[in-house]
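Quick note: the sequence shown uses this note's numbering, first residue 4, plus one each step.
Do not rely on the hints blindly, as some may be mistaken.
What the hints assert, rightly or not - Simulated crosslink set (BS3-like; lysine-lysine; CA at most 30 Å straight-line):
#	residue 1	residue 2
1	LYS254	LYS306
2	LYS11	LYS100
3	LYS100	LYS68
4	LYS124	LYS200
5	LYS349	LYS187
6	LYS261	LYS227
7	LYS327	LYS187
8	LYS68	LYS323
9	LYS254	LYS270
10	LYS227	LYS85
11	LYS85	LYS11
12	LYS14	LYS254
13	LYS284	LYS200
14	LYS254	LYS11
15	LYS124	LYS42
Don't read these hints as lab results, they were simulated from the structure.
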Amino acid sequence: MAGDSFGKLFKITTWGESHGPAMGVVIEGCPPLVALKCKEEKIVLRTESGKETGSQLFTCDEIQKELDRRKPGQTGITTPRKEQDIAWILSGVFEGKTTGAPITIVSWNRDVRSQDYDFLKEIDRPGHAGFAYRAKYGIYDYRGGGRSSYRETWGRVAAGAIAKKILREFYGLEIIAYVLQIGKISANVNSEKVTLKEVESHSTRCPDRVAANKMETLIKEAMKEGDSLGGVVGVVVRNMPVGLGEPVFDKLDADLFKALKSIHATKSVEIGLGGEVAELKGSQHNDPFTTDASGKVKPASNKAGGVLGGISTGENLLLKVAFKPTATIRKEQETVNIKGEKSFLKGAGRHDPCVLPRAIATVEAMVALVLADHALRNFAQCGHLKK
């Protein structure tokens, strides 16, 4: 299977299946001397003769904090699967700092119930990737969805935590994702002022408390009906530097679109005004320039969402990511099995009725991975031009 790696200078490769023994990620190109809050743990191993020997592994508070935001079983509106999701660093870190070597991070799957998926041996879930996997490869790991499971994003979030640390240290950059819409319920959110504390204050991760309560009720209703919901995640990136992005084929927004669309269940990505621009005239869409208090030239507003010509302008990045409803539902559906025989399918297993509350961490991680990669590329090409 190809397509498991992402990035050019700051590059990640994720591995593992939903019901396999472990999930993991390998990070290449991380700069050395990035300080991480690590705890050293000793794992007891035995030689062939039975002699005990030790292996030093590390856990990291900064990585674990991000993973805890995406792990299953957080609240009553997410999948009931319970995973500790502890991140073990196997390589690339020494004395609390990155060494520049590949960083390997792993987590063992603990709460697996593969028997819940036996019914999928000869039938594919409507709207799920299983059909395409089986058609392409001639084999499909139906246990929890294998690589097509949202559990694959564990490695992205672990790597994204390190990317976030780099971006904070070099630019003071802040990435905040939040739930903007679930079903037909939309929130009123000021992307310029929204805070992480506001996002994390509600189980839906919507900072608009009134809308958040309605969203929670809607999700619970869908759960009772055996159905699922989609929605929209908003993203703001503050303290953006000018100059990230490589025209023509490696535009910053193009790479962000690819990164965010690679997340399972995403259907569309927008930046700035997004699709609204199709209805505007040039005089309405154009963003004249002005100067700030220090005399710096900048766009008067931010209709472009922080990118012009594929290059960051220094304004906040503003993105929206649309997610489809979770494919696996308990409501019975009429379909056909892999032999073409009429069948009735009722989903089993443990699944999110709405993936958005847990998707926040993954969205932030993918944005961070793109920005860290472009920051390194920009420094390599244009670093000598900076004062």
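Structure-based check of all given hints:
This hinted pair checks out: LYS254 and LYS306 have alpha carbons roughly 17 Å apart, not beyond 30 Å. Of the supplied pair hints, the one linking LYS11 and LYS100 holds, its CA atoms being roughly 22 Å apart against a limit of 30 Å. Using a Cα cut-off of 30 Å, the hinted pair LYS100 and LYS68 holds, with the two alpha carbons roughly 18 Å apart. Restraint check: the Cα-Cα separation between LYS124 and LYS200 comes to about 44 Å, which exceeds 30 Å; the hinted pair is violated.
Between LYS349 and LYS187, the direct Cα distance comes to roughly 25 Å. Compliance with the 30 Å bound is thereby established for this hinted pair. The hinted pair formed by LYS261 and LYS227 fails the criterion: a straight-line CA distance of about 35 Å is larger than 30 Å. A C-alpha spacing of about 13 Å is found between LYS327 and LYS187, which places the hinted pair at or below 30 Å, so the restraint holds. Proposed proximity of LYS68 and LYS323 is supported: the alpha carbons are some 24 Å apart, at most 30 Å.
Under the criterion of a C-alpha separation no larger than 30 Å, the hint pairing LYS254 with LYS270 is consistent with the structure, at around 20 Å. Distance hint between LYS227 and LYS85 is fulfilled; the C-alpha atoms sit about 21 Å from each other, no more than 30 Å. Straight-line distance between C-alpha atoms of LYS85 and LYS11 comes to about 34 Å, which puts the hinted pair past the 30 Å bound. Restraint check for LYS14 and LYS254: satisfied, since their Cα atoms lie roughly 17 Å apart, inside the 30 Å limit.
Between the alpha carbons of LYS284 and LYS200 the distance comes to roughly 38 Å, so the proposed pair goes past 30 Å and is violated. This hinted pair checks out: LYS254 and LYS11 have alpha carbons roughly 13 Å apart, not beyond 30 Å. Taking the CA atoms of LYS124 and LYS42, the gap is near 42 Å; set against the 30 Å cutoff, the hint is violated.
Hint compliance for this structure: hints 4, 6, 11, 13 and 15 are not met, and every other hint is.
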